[in-house]
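As a plain string of letters, each chain reads:
There are 2 protein chains.
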Amino acid sequence: MNQLVETIQRAVLEALPRPEQAGRSELGQYAGMLREYPRRGGKMLRGRLVILTARAYGDDTAALPAAAAIELFQNWVLIHDDIEDDSEERRGQPALHRLYPMPLALNAGDGLHAVMWRVLVEAGARRKILQEFANLIETTASGQHLDLSWTLEGRFDLSAADYLEMVERKAAYYTGVAPLRLGALSAGTLPHPAFSGAGLELGTAFQIIDDVLNLEGDHDAYGKEIAGDLWEGKRTLILIDYLSKAGAADRKRAEEILRKPRERKTAEEVAWLHERILASGAVRRARRLAEEKAAAALAELENVFAGLPDQEAATAATRLLRALVEREK
Amino acid sequence: MNQLVETIQRAVLEALPRPEQAGRSELGQYAGMLREYPRRGGKMLRGRLVILTARAYGDDTAALPAAAAIELFQNWVLIHDDIEDDSEERRGQPALHRLYPMPLALNAGDGLHAVMWRVLVEAGARRKILQEFANLIETTASGQHLDLSWTLEGRFDLSAADYLEMVERKAAYYTGVAPLRLGALSAGTLPHPAFSGAGLELGTAFQIIDDVLNLEGDHDAYGKEIAGDLWEGKRTLILIDYLSKAGAADRKRAEEILRKPRERKTAEEVAWLHERILASGAVRRARRLAEEKAAAALAELENVFAGLPDQEAATAATRLLRALVEREK
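As you go down the protein sequences, you meet chains A and B in turn.
Numbering-wise, the first sequence is residues 1 to 329 according to the numbering used here.
Numbering-wise, the second sequence is residues 1 to 329 according to the numbering used here.
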């Protein structure tokens, strides 16, 4: 395993309560629930990006707590997201609320959220880092509200611009912007303004590619249910594009299917919609847009990293930025 | 309105996004959801206790952020609790997830949680105060796990000691211990050890009285559904006591009713159980135990406050401690 991945995962797991030290058995179960998603691993792209960015700036000695904390963020927010979307799988295994009753999973997410702050506080993280975490949670929650409310209210009057605003808030900020800013702040420097502009574009490209993989990825590599976004009725750029170009009858049928909650959709309906979308070229167009966004953002960020003191770390960081948008799974 | 209540509520509301400044309408809705429980008011007992304790120690100039933050804690945790218990009402109005779809309410709770930390961070709260917040959230979540798992798993093999451990974690720490400790820490002093011991006893008495009021309170004053604990199948001290003394047939019927989820219970079943419990004397015994615990804890805490520099504030603080356990609603 990548050395940095191992270091971050160890820091994450060490911050969590241990089932064998929990005392009574119910608290052992609780500790196990907090460890369930972190234990499943993950690529830790955001955590690694924090450390490599700090190192590129010349000082990663204080970066590990922020790296562990952004991974803890990712874990608690996924527990809650999976409940909100009623998702089936996470990292190739059942979502936490499908292993335990939903109320216990919700509560475990809150416990994990507190651990995230504890890691930062115990490390004596400086105020700007704590502010960045408040920013990233508030931004993500506002984007999650957009995403959820569109599905829950059966909204179809959405444009590509609507999707992009939602994704910037919901995913791009914490994926593309926050890790770079946290890296710079951990090194004691002011984050470069390009981190906010180009970082947001790169994070947006990351999410569009995630949407693409959700429809045409390989299940084992992707680790989540294929076409899960259709089952959950997500308003992705791909779906918005497909609907805008579909014939009236197809659009009507597609909207009817999407309006149904997961449990009322049939596999045949989802398969029909999946096939229509793949045939429409909307996935290909979304992938092309993501690639264009990613190329422009990467060029700008590589330019920033080229001016930083530790060029070995800078190269590793930009390689990771590239991996964010070049993943095939 | 009490001057302190007004000051704390203003600080809480000022920390929250404003619907009219949110930009798009969905974000206005989100901002409104964050403000919904804080807007409903509440007695702000914990927040006031933070400020009065700091003042009794001689310096409340830095106490308002911690006071606002503990009220924000109370608000986000209640949003999530109400979902976990599928409660009907909060502060005399529908629970948030009954006004909006559950996923939106869950997400709003997370947004409010982030605002709680932002208030502390923007105020430059010292590390010990941030640690105290991490402690109180972790403690509360572990107690919530006990409470929920007992109900969800249909457990009846519970003793009074089990209940007391659950309540210490779930409610007594953040109600009886944390406000006193936060007050001392805000004044720049080390919290008195009695805050942890006697504070926990007082907080336990507070919760037992809450359980009593749930069964024999006045609906309008209590602000929650009467007998809601029976609908939700809560393992209270009162219930554990009742079951331990009930005849075999009554116990069997009671357990059958309690095992059913809310939507499968009938009003007649709950009314029968409610009546049996009231007739059993278990409520009266619980109230007496709470009064004994409260009296001993209050005596110890009054003794501590008697030695503090600002005696006017000390008197106000101990009056508030008394109000915690003497409320009739």
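No lab work stands behind these hints, which were simulated from the structure alone.
You may find that some hints are simply not true.
[What the hints assert, rightly or not] The list that follows gives simulated cross-link-like pairs (lysine to any residue, SDA-like), each with its CA atoms no further than 20 angstroms apart:
no.	chain 1	residue 1	chain 2	residue 2
1	B	Lys-128	A	Arg-126
2	B	Lys-234	A	Met-102
3	A	Lys-260	B	Pro-101
4	A	Lys-128	B	Gly-281
5	B	Lys-128	A	Arg-118
Comparing the hints with the structure gives:
1. Straight-line distance between C-alpha atoms of Lys-128 of chain B and Arg-126 of chain A comes to about 14 angstroms, which keeps the hinted pair within the 20 angstroms bound.
2. Pair hint Lys-234 of chain B plus Met-102 of chain A holds up; C-alpha atoms about 17 angstroms apart against a cutoff of 20 angstroms.
3. A C-alpha spacing of about 15 angstroms is found between Lys-260 of chain A and Pro-101 of chain B, which places the hinted pair at or below 20 angstroms, so the restraint holds.
4. Simply put, Lys-128 of chain A and Gly-281 of chain B have alpha-carbon atoms about 56 angstroms apart, too far for the 20 angstroms limit, and the pair is violated.
5. With a C-alpha separation of about 11 angstroms, the suggested pair Lys-128 of chain B and Arg-118 of chain A falls inside the 20 angstroms cut-off, and the hint holds.
Violated hint for the displayed structure: number 4, the only one.
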